[in-house]
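Put chain B on the given structure of chain A with help from the hints.
Going line by line, the protein sequences match chains A and B.
First residue of the first sequence? That's 1 in the numbering used here, and the numbers climb one at a time after it.
First residue of the second sequence? That's 1 in the numbering used here, and the numbers climb one at a time after it.
Don't read these hints as lab results, they were simulated from the structure.
Mixed in with the good hints there might be a few duds.
Once the Cα atoms are required to be at most 20 Å apart in a straight line, the calculated EDC-like pairs of lysine to aspartate or glutamate come out as [claimed, not checked]:
hint, chain 1, residue 1, chain 2, residue 2
1, A, Lys263, A, Glu299
2, B, Lys100, A, Glu294
3, B, Lys100, A, Asp265
4, B, Lys10, A, Glu151
5, A, Lys285, A, Glu299
6, A, Lys242, A, Glu216
7, A, Lys104, A, Asp68
8, A, Lys19, B, Glu256
9, B, Lys10, A, Asp180
10, B, Lys29, A, Glu97
11, A, Lys285, A, Asp265
12, B, Lys10, A, Asp113
13, B, Lys10, A, Glu75
14, B, Lys10, A, Asp176
15, B, Lys29, A, Glu75
16, B, Lys100, A, Glu97
From a predicted model like this one, the values you see are computed outputs, not experimental measurements.
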Amino acid sequence: MRSEPVVQVQALVKRYGTKTAVDGLDLVARAGVTAVLGPNGAGKTTTVETCEGYRRPDSGTVRVLGLDPVRQSRELHTRIGVMLQSGGVYSGARADEMLRHVAKLHAHPLDVDALIERLGLGSCGRTTYRRLSGGQQQRLALAMAVVGRPELVFLDEPTAGLDPQARHATWDLIRDLRADGVSVILTTHHMDEAEQLADDVAIIDAGRVIAQGSPEELCKGGAENTLRFTGRPGLDVGSLLKALPADCTAAELTPGSYRVGGKVDPQLLATVTSWCAQHGVMPEKISVERHTLEDVFLELTGKELRS
Amino acid sequence: MTATGTYTPKPGAAPSGRMIAAQAALETKMLLRNGEQLLLTVVIPTLLLVLFSSVDIVDTGAGEAVDFLTPGILALAVMSTAFTGQAIATGFERRYGVLKRLAASPLPRWGLMTAKTASVLVTEILQIVLLTVIAFALGWDPQGNPLAVLLLLILGTAAFSGLGLLMAGTLKAEATLAAANLVFLLLLVGGGVIVPLDKFPSGAQDVLGLLPISALSDGLRDVLQHGAGMPWGDLGILAVWAVVGLAAAGKFFRWE
Chain A
1 MRSEPVVQVQ
11 ALVKRYGTKT
21 AVDGLDLVAR
31 AGVTAVLGPN
41 GAGKTTTVET
51 CEGYRRPDSG
61 TVRVLGLDPV
71 RQSRELHTRI
81 GVMLQSGGVY
91 SGARADEMLR
101 HVAKLHAHPL
111 DVDALIERLG
121 LGSCGRTTYR
131 RLSGGQQQRL
141 ALAMAVVGRP
151 ELVFLDEPTA
161 GLDPQARHAT
171 WDLIRDLRAD
181 GVSVILTTHH
191 MDEAEQLADD
201 VAIIDAGRVI
211 AQGSPEELCK
221 GGAENTLRFT
231 GRPGLDVGSL
241 LKALPADCTA
251 AELTPGSYRV
261 GGKVDPQLLA
271 TVTSWCAQHG
281 VMPEKISVER
291 HTLEDVFLEL
301 TGKELRS
Chain B
1 MTATGTYTPK
11 PGAAPSGRMI
21 AAQAALETKM
31 LLRNGEQLLL
41 TVVIPTLLLV
51 LFSSVDIVDT
61 GAGEAVDFLT
71 PGILALAVMS
81 TAFTGQAIAT
91 GFERRYGVLK
101 RLAASPLPRW
111 GLMTAKTASV
121 LVTEILQIVL
131 LTVIAFALGW
141 DPQGNPLAVL
151 LLLILGTAAF
161 SGLGLLMAGT
171 LKAEATLAAA
181 NLVFLLLLVG
191 GGVIVPLDKF
201 PSGAQDVLGL
211 LPISALSDGL
221 RDVLQHGAGM
231 PWGDLGILAV
241 WAVVGLAAAG
251 KFFRWE
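Next comes chain A alone, as it looks inside the complex (with noise of 0.2 Å):
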């Protein structure tokens, strides 16, 4: 499925003052959920409000539905959903005043009500904005970007501090939203949340993208994988490298518990266990563990993706 990207950003920069925001950034987006991750301050806002039409790009190119954001933003406007990382509607406003105004500047409006039973503002009642606790903002935010029936929408941290049910919420949400055909853009910094609901991730990390991939592309890119066992302590480590290939490592992490490096795969499971047989040792806790967003963006950054 490789359909016309949806988002094409060529060579973007950005500066704000003498601050390079956006430095060279490359990104396609293609139909389906494409998350863009990276640490506070990478660039992420800034990518995406570009794409949105907000800001001018000091050079490169953007294309969004194949539309120039800034020159024709009143097309790309009737097209797209927008749900900013915060704020948006006036503070005297009640959440389904809101939402009902936003549906009415649209010619084929989803059904208001049954959007806000779905993500529970129905619970909103009178209480206007500035009134709202922070989840329930976010969840009017993100109903606002979707009730025009848009064929993209661009999601600014959309479970930022959402607690663990409304989070859910929202990622079953995205999910129906990529079944009946809608593209989303999201940026986070929940490595969970990206391979949770992305067909493609691109991390970002000080203004360019360094790596783009489904996340088991990016997984299986990323450094070797790690088997883990316990045992009783003082093995003879050496002799278990010996049993192994030759490309592989092999640990006591601390008494009793081991760790072997390399490409973990059924073999190497088998050689560890046979080994073990061997020497007369019960491996009581074996585990295999895959590498993770987090860690391919440690690997590639040094930093950790929640900074």
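Chain B alone, transformed into the frame defined by chain A:
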């Protein structure tokens, strides 16, 4: 997840007229729901009209006090909505990202500005109806050409809107809040609203007479109290303020 078709894309903008009507209705509702705004646009003009018409505090010259005061209070009502109220509301809309969010909606910028103007006009009509009824109850006896009054109100609204939007689009919301209230107070006192301009020293009179509030209250008074024809001088002053204010707002307004 299986496709249900609920969210199948079907984008499109509503017709411009419907978008603008919806936007104007929402903005008016927000204004009428806001207590501080109501204080400024309804309570203060009403109290001033009733208080100064019934109690002889300020020397308003020959004739009934209400005939002097009503034109000034109508000018104040226009200023409170088009300038003070609009500046504060728009300043906070900018601060809370409302303008930013609406900029990514199908509503074009000119549509948003049209809706804001419509909302200001609707509010002014409500104010003028209320104040006129009260003034009649206090014995007001208006003179003059209604067309001249209408022209003054429209040019006054344009002048104050330009200045209000200029302030809202360039200053921080809190600064706009403080400055808009301060300007309201200063112009209330020094703009011929309840205190006749001839109470000020003659040098000050010349300067104060060029303010939009003075031009509006003086023009309305010439027509409604003295039965003058077209007050061209005051209309000219308001037209200059309107052109300069709206052009500056158009140039310097920042949406975020």
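Tell me, which hint numbers fail for this structure? Of the numbered hints, 2, 3, 5, 6, 7, 15 do not hold.
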